[in-house]
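Asker: Sequence:
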Amino acid sequence: MSVPHEIAQLERRRFDAQIARDTDALANILANDLIYTHSNGHQDSKASYLASVASGQSRYDHVDIEALTVRPYADDRTAVVNGQVRINLGPGADGQPSFIRIKYAVVYVQQPEGWRMVLWHAQKQASADPLT
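Take 1 as the starting number for the sequence shown in the UniProt record's numbering and just add one per residue.
These aren't lab readings, by the way, just hints derived from the structure by calculation. Source: prediction; values computed, not measured. One or more of the hints may lead you astray.
Said to hold, decoys possible - Cβ pair distances, simulated, as ranges:
| no. | residue 1 | residue 2 | range |
| --- | --- | --- | --- |
| 1 | 93 | 1 | 42 to 50 Å |
| 2 | 75 | 40 | 33 to 41 Å |
| 3 | 71 | 96 | 31 to 39 Å |
| 4 | 66 | 25 | 19 to 27 Å |
| 5 | 75 | 97 | 18 to 26 Å |
| 6 | 47 | 126 | 29 to 37 Å |
| 7 | 121 | 77 | 29 to 37 Å |
| 8 | 62 | 9 | 16 to 24 Å |
| 9 | 1 | 123 | 25 to 33 Å |
| 10 | 71 | 111 | 25 to 33 Å |
Claimed, not checked - Within a straight-line C-alpha distance of at most 30 Å, the following computed BS3-like cross-link-like pairs (lysine-lysine) qualify:
| no. | residue 1 | residue 2 |
| --- | --- | --- |
| 11 | 103 | 124 |
| 12 | 124 | 46 |
| 13 | 46 | 103 |
Glycine included, every Cβ here is placed at the ideal spot set by N, Cα and C.
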């Protein structure tokens, strides 16, 4: 399997684990030295991010991957991902669905135990969609 295909599948599994609040699956994808920068600028470590998913503070009801590009580097031991997703955050204060569209960059590194995400950086995107 090619590195871009393998990493694209891993990204989909990661989003599925976030939706399911499966912190065990996420723990196997995230590197111990993870730096996770949310679209609002807040930064988490692996431990604090897993805690926020477990508590529901970081909530994802559905994630639509709108764009995904994987570029391998360093003899296929590092991969940079650029993507765009639309995330359903659940009902807002008015009871209507709440969405956010973000562009993001991720870095994966091949470690002895497998691919691990070492960096996530997200930025909110403007949208003509009235729901975002």
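Asker: Does each hint fit the structure? Answer for all of them.
Answerer: Evaluation of the provided hints:
1. 93 with 1: 42 to 50 Å: 44 Å, holds
2. 75 with 40: 33 to 41 Å: Since residue 75 and residue 40 have Cβ atoms about 36 Å apart, the given range 33 to 41 Å holds.
3. 71 with 96: 31 to 39 Å: 37 Å, holds
4. 66 with 25: 19 to 27 Å: The hinted range 19 to 27 Å holds for residue 66 and residue 25, with Cβ atoms some 23 Å apart.
5. 75 with 97: 18 to 26 Å: 44 Å, violated
6. 47 with 126: 29 to 37 Å: Check passed, 33 Å falls within 29 to 37 Å.
7. 121 with 77: 29 to 37 Å: 20 Å, violated
8. 62 with 9: 16 to 24 Å: With a Cβ separation near 19 Å, residue 62 and residue 9 satisfy 16 to 24 Å, so the hint holds.
9. 1 with 123: 25 to 33 Å: 30 Å, holds
10. 71 with 111: 25 to 33 Å: Violated: the Cβ-Cβ distance is about 19 Å, outside 25 to 33 Å.
11. 103 with 124: Answer holds: residue 103 to residue 124 is near 7 Å, not above 30 Å.
12. 124 with 46: 22 Å, holds
13. 46 with 103: OK: residue 46 and residue 103 at ~21 Å, within 30 Å.
Of the numbered hints stated above, those contradicted by the structure are hints 5, 7 and 10, listed in ascending order.
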